[in-house]
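Read off the chains here:
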Amino acid sequence: MDLTARGRQMTVLPLVTAAVIAIPWVAPIYHVLLMLPFMAYGVVLLGLNLLFGYTGLVSFGHALFIGVGAYTAAFLTGMFKVRSLEVILVTAAVVAGVVAMPVAALCVRYVKIYFGMLTLAFGMVFYTFLLKFYKLTGGDEGMPVARPFLLGRDLGAIPKTEYLAGPYYLYSLAVLVIAALVMWRIVHSPFGLCLKTIRDNPAKAETLGIGVARYRWAAFVISAVYAGVGGALLATPIGNVDPTLAYWTHSGNIVFMTLLGGFASFFGPLLGAFVFIYLQDFVMSVVPFWRLVFGALLAALVIFAPGGLLGLFARRRARELV
Amino acid sequence: MGGVFHASILFLVAAGLQVVFGVQKVFNLACGSFYALGAYFGVTAVQWYISAGGPPAFFIVPLILAGAMIGLTGLVVERGLLSFVYDRDETFQLLLTFAVVLMMEDAIRMTWGTAPVSTSGLYLIYGQTRIAGAAVPVYNLLVIAASVVIALAIGWLLTRTAFGRIIRATADNREMAEALGVDMRRVYAKVFTLGTALGTLGGALVIPATAAMSEMGVELIVEAFAVVVIGGLGSMRGAFAGALVVGILRAVAISVYPALEMLIIYLIVITVLVFRPRGLFGGAAA
Chain A
1 MDLTARGRQM
11 TVLPLVTAAV
21 IAIPWVAPIY
31 HVLLMLPFMA
41 YGVVLLGLNL
51 LFGYTGLVSF
61 GHALFIGVGA
71 YTAAFLTGMF
81 KVRSLEVILV
91 TAAVVAGVVA
101 MPVAALCVRY
111 VKIYFGMLTL
121 AFGMVFYTFL
131 LKFYKLTGGD
141 EGMPVARPFL
151 LGRDLGAIPK
161 TEYLAGPYYL
171 YSLAVLVIAA
181 LVMWRIVHSP
191 FGLCLKTIRD
201 NPAKAETLGI
211 GVARYRWAAF
221 VISAVYAGVG
231 GALLATPIGN
241 VDPTLAYWTH
251 SGNIVFMTLL
261 GGFASFFGPL
271 LGAFVFIYLQ
281 DFVMSVVPFW
291 RLVFGALLAA
301 LVIFAPGGLL
311 GLFARRRARE
321 LV
Chain B
1001 MGGVFHASIL
1011 FLVAAGLQVV
1021 FGVQKVFNLA
1031 CGSFYALGAY
1041 FGVTAVQWYI
1051 SAGGPPAFFI
1061 VPLILAGAMI
1071 GLTGLVVERG
1081 LLSFVYDRDE
1091 TFQLLLTFAV
1101 VLMMEDAIRM
1111 TWGTAPVSTS
1121 GLYLIYGQTR
1131 IAGAAVPVYN
1141 LLVIAASVVI
1151 ALAIGWLLTR
1161 TAFGRIIRAT
1171 ADNREMAEAL
1181 GVDMRRVYAK
1191 VFTLGTALGT
1201 LGGALVIPAT
1211 AAMSEMGVEL
1221 IVEAFAVVVI
1231 GGLGSMRGAF
1241 AGALVVGILR
1251 AVAISVYPAL
1261 EMLIIYLIVI
1271 TVLVFRPRGL
1281 FGGAAA
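Just so you know, the protein sequences line up as chains A and B, in that order.
In terms of this note's numbering, the first sequence is residues 1 to 322.
In terms of this note's numbering, the second sequence is residues 1001 to 1286.
Looking at chain B on its own, in the form it has when it is part of the complex (with noise of 0.2 angstroms):
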C-alpha cells in the first residue's frame, strides 16, 4: 500500500511532466523542484493554519490550496524564462530548466534553511485502517483518492473541453494550430503552470507522510523520469501506468531486497528505451 501512495504522488509529478513535455516539447527539469517548493510551501502553509486556530481535522484544505497556487511559479518561470528559448534548440530548453533546479534548491535554502522541516502529528489525524492485515493511515487513502480524482479531472479536461482540444492540437502539430488562431503563448503559459500545479501539489500532498528536505527535488526528478520513460513521454495513460509500476516496484523492492532499490528502476528504465523506445503507452497524444 505505501507503494500505491508513493506512485500516486509519482504520478501528480510525472503528469505535470508530461503535459509540458506532451504540449511544449520542453523535458522540464525542474518538476522535481517545483515538487520541493510544493512541499516546503505546504508546511508552512498548514504552521500558519494551526497557529490560527484553524482545527487540525481540516488541515488537508490549506495543505491543498498551498499545493495548488504555489503551482503559479510555474506562470513566472515559464514568462521570464523559458518564453525566451522556444524558437532554440531543445538542448538549451533543456539547459534552462536545470539552471531553475539549481536556483530554486538554493532559493528554498534561502528561506526555509537547511534542516528538514515537517508538519508534525498531523500524519495519523485520521487514523489507521487496516487492509489485508496491515495497518495504513487513512491519510494515504485519502491522497490516493485525490490523485485518482485529479487524474480523471485532467482526463476529462482534455478530452472533453475546449481547451483540452487546443492543447492536444497543439501537441500534434504546432504549425497547425497555430494558424488557426491558437494563441500559443496563452497556450504554453497556461500549460506550464498546470504542469507545475501538479508538482506543487503532489509536493504538498506528501507532506504530512515525510519531512520536506532540499534534495528531494532533484531525488524526486529521476523517479519522474523513470516514470515517464517506462510510461511513454507525453502519455497521460503512460503516466498513470508509469507511476503505479515504478511505486509498487520500489515498495516490494525495499522489503525483499534494499540494495537494489533504485537500481532496478533504473534498469526497467533502460530495457525499456532500448526495447521500445515510446514507452509502454508511447504514440499516444497527451
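One chain only, chain A, in its complex shape (with noise of 0.2 angstroms):
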C-alpha cells in the first residue's frame, strides 16, 4: 500500500464510521435491519479473507463455522438458559475454535482443489448431522433463538424491532469495529506478513523456516473463530436458526462475497457483504429470481474484474496516476 493510499483509507474510514453510527437515527427501519445481517457477514468475511485473500487458500465449507456459531446461539438461549450475549459470543468463539482444530489439521495437509474439496465436506458432514439428528437440532425447522442481554441488561421489554434496531444494531457495530481493529493488527503482524508469504511463494516460506502447515492451520482457525463470532451474531436478527446455514451454497455465497468486494484488500470483504446483501434484497424486491441475477454477476466479475468492486476502483486510479 502506497501512502496516498494509506492517506485516503484515513479520510475515508472515519466517516463511513460515522456514518453507519448514524444510520439507526436518520435511516427508514428497514435499512437499519438489513444492517445487522450485512455486520455479522462482515464478521465473517475479515475472517475467511485471511484465509482466502492473505493465505491464498480458498475454503468452500466455511459455513461450517457460521453454523456452529448460530446453533451455539440457539443451544444457549434455549437449552441453558443462558442469555448473556456477551457469554455467547465467546462460547460461540471457543467452540468454533475447538470444532476448527482438528479439521483444519486435516485440511490444511492440502492446498487448491483438495483443500476446497475437504472443506466442503466436513461442511456437509455438519449439515447432514444438523438436518438428522432432530431430536437434539430440530431438523430442517431449525431451532428458535431467544434474545440475548447487552450487557447484562434484559431488553425483553422493547418491541422487538426497535430492540434490533437500536441496542443491537450498536452492539453488533461494536462487534464488527472490534473484531476488524483485531484482524488489522493480525495481518500487520509478522505472523500475517508470513501468511503473505506463504500465499506468494509457499516453498520459498518453507526455506525461509516458516512453518507453512502451522501458519496455515492458525489461519484457518482464526479464521474460523470469527466465522463462529459472526455466526452468533447472525441468530438473532434470523430469530431461528436452521441447516441451510451450514450449507454448501451459503459457504459459496459468502466467497462471493468476498469476491464481489475485494479480496485482495482489507476492507474490500465489508464492502463485498454491504453490496450483496443491498443488492440482494433490492433485486429479490423486483424479480424473484436473485440467483440468475447474482450468478450472472458473479460470472462476469469472474471474467472480467477478478480483483473485485475495490480492484475496479485501485485500476482506475493507477491509471489516472500514469
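Keep in mind that the hints were calculated from the coordinates and are not lab data.
Yeah, the Cβ is synthetic: ideal placement off N, Cα and C, and Gly gets one too.
Be aware that one or more of the hints could be misleading.
As the list claims (entries may be wrong) - Pair ranges (Cβ atoms, derived):
#, chain 1, residue 1, chain 2, residue 2, range
1, B, ALA1179, A, ILE178, 50 to 58 angstroms
2, A, LYS204, B, TYR1086, 23 to 31 angstroms
3, A, PRO144, B, ALA1145, 25 to 33 angstroms
4, B, TYR1257, A, ASP154, 26 to 34 angstroms
5, A, VAL287, B, THR1161, 44 to 52 angstroms
6, A, ASN201, B, TYR1086, 18 to 26 angstroms
7, B, LEU1142, A, LEU136, 50 to 58 angstroms
8, A, VAL26, B, ALA1068, 37 to 45 angstroms
9, A, VAL182, B, THR1161, 55 to 63 angstroms
Could you fit the two chains together into a complex? Lean on the hints.
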C-alpha cells in the first residue's frame, strides 16, 4: 500500500464509521435491519479473507463455522437459558475454534482444489448432522433463538424491531469494529506477513524457516473463530437458525461476497458483504429470481474484474496516476 | 437393487465430472445443475412425445435423445464463460462454475416453475421382475444396462480412438499436446460438452423414477463429489467404483439406520481424503 492509499483510507474510514453509527437515527427502519446481517457477515468475511486473500486458501465449507456459531447461540439461549450476548459470543468463538482445530489440521495438508473439497466435505457432514439429528437440532425446522441480554441488561420489554434497530445494532457494530481492529493487527503483524509469504511462494516460505502447515493451520482456526462469532451475531436477527446456514451453497455465497468486494484488500470483503446484501434485497423486490442475476454478476466478476469492486477502483486510480 | 440403480445414475454424472476434471483441471460444480436440467428437459420431451401420440412403450427413446441433446448447453457454457478463464487460478474457474449453479437453478425455476414435475405412470410400464425375492422395476434394469453400455463406450472412446488418445495426452501434459499441434480450444469444447451430456443424460434417465425438483442439482453435486473423491479425481474406473460404493452404501444405510444416510458417505469421503487423497483409483489417467 502506498502513502496516498493509506491517506485516503484515513479520511474515508472515519466518515464511513460515522455514517454507519448515524444510520439508526436517520435511515428507515427497514434499512437499519438490513445492516444487521451485513455486520454479522462482515465479521465472518474478515476471518474468511485471512484464509482467502492473505493465505491463498479458498474454503468451500466455511458455512460450517457460521452454523456452529448460530447453533451455539440457539443452544445457549434455549437449552441452557444463558442469555448474555457476551457469554454467547465468547462461547461461539471457543466452540468454533475447538471444532476448527482438528478440521484445520486435516485440511491444511492440502492446497487448492483438494483443500476446497475437503472443507466442503466437512461442511456437509455438519449440515447432515444438523438435518438428521432431529431430536437435538430440530432438523430442517431449526431452533428458535431467544432475545439475548446486552451488557447484562434484559431488554425484553421493548418491541423486537426497536431492540434490533437500536441497542442490538450498536452492539453488532461494536463487535464488527473490534473484530476489524484485531484483524488489522493480525494481518499487519509478523504472523500476517508470514501468511502472505506463504500465499505468494510456499516453497520459499518453507526455506525461510516458516512452518507453512502450522501457519496455515493457525490462519484456518482464526478464520473459523471469526465465522463462529459472526454466526452467533447473525442468529438473533434471523430469530430461528436452520441447517441451510451450513449448506455448501452458503459457503459459496460468502466466497462470492469476498470476491465481489475484492479479496486483495482489507476492507474489500466488508464492501462485498454490504453490496451483496443490499443488491440481493433490491433484486428480490423486483424479480423473484435473484440467483439468476447474481450468477450472471458472479460470472461477469470472475471474467472481467477478478479484483472485485475495490480492484476496479484501484485500477482506475492507477490509470489516472499514469 | 435400488442402490445399483442410483449408482448407475451417479456414475453418469460423476463420469461427466471426471472427464472434465481430468482434461481441463476444472472441478465443475455445475454438473449437478446439468443433471437437473436434463431431468426437466427429459420430462418435457416425454410429455411432448406422449401428447403427440407416440406409443408409451418407446418413451425411453425421446428421453435419451432429449438428455443427450440438452448436453449441448455445455458447449454454450464452455465457449461463453469458461473459455475466458483457463489461464487463471483454478479458484476462479471453480467460482465460475458456482455462478453457473446459481444461474441454472433460477433458469429452471423460470422455465418449469417451482412445483416438482414428473412423467406420471411411465415408470412401471415395462412391468416388474423378481430378483432374489425383491420386486424390481424393469426400467431400473434398463438404466443399469444403459449405464454399463455408456461406461464401456467411454472406455472404448478413451482407449481405442484418435480422439481418446488426444484426450489422454491433454490430461497428461497439456503443453506438450498443444506443442504437438492439438487445438486445445476444440478439445476443451468437446470434452466439456461430453461431460455435460453425461450429466444431462443421467438426469433424463432418472426422471421416470422420481419427480424433477429444482433442488435436485445442488443435492446431487455433493453425492457426485463424494463419488469422485472416493474413486479418485480424474479416473473413470474410480467414478465407476465410487458410484457403486456410494449408491449401495446409501441404500443400505437408508434401510438400516436412516439418520446415518449421507453422514456415513461424508465420513468415508473424509477418511479417503485423509488417508488416500488420490482416491482408490487415483494416479491413473482419465
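Right, here's what the structure says about each hint:
no.: 1; hint: B:ALA1179 x A:ILE178: 50 to 58 angstroms; verdict: holds (55 angstroms)
no.: 2; hint: A:LYS204 x B:TYR1086: 23 to 31 angstroms; verdict: holds (26 angstroms)
no.: 3; hint: A:PRO144 x B:ALA1145: 25 to 33 angstroms; verdict: violated (50 angstroms)
no.: 4; hint: B:TYR1257 x A:ASP154: 26 to 34 angstroms; verdict: violated (43 angstroms)
no.: 5; hint: A:VAL287 x B:THR1161: 44 to 52 angstroms; verdict: holds (46 angstroms)
no.: 6; hint: A:ASN201 x B:TYR1086: 18 to 26 angstroms; verdict: holds (23 angstroms)
no.: 7; hint: B:LEU1142 x A:LEU136: 50 to 58 angstroms; verdict: violated (42 angstroms)
no.: 8; hint: A:VAL26 x B:ALA1068: 37 to 45 angstroms; verdict: violated (59 angstroms)
no.: 9; hint: A:VAL182 x B:THR1161: 55 to 63 angstroms; verdict: holds (59 angstroms)
Violated hints, listed in ascending order, are 3, 4, 7 and 8; each of the other numbered hints is respected by the structure.
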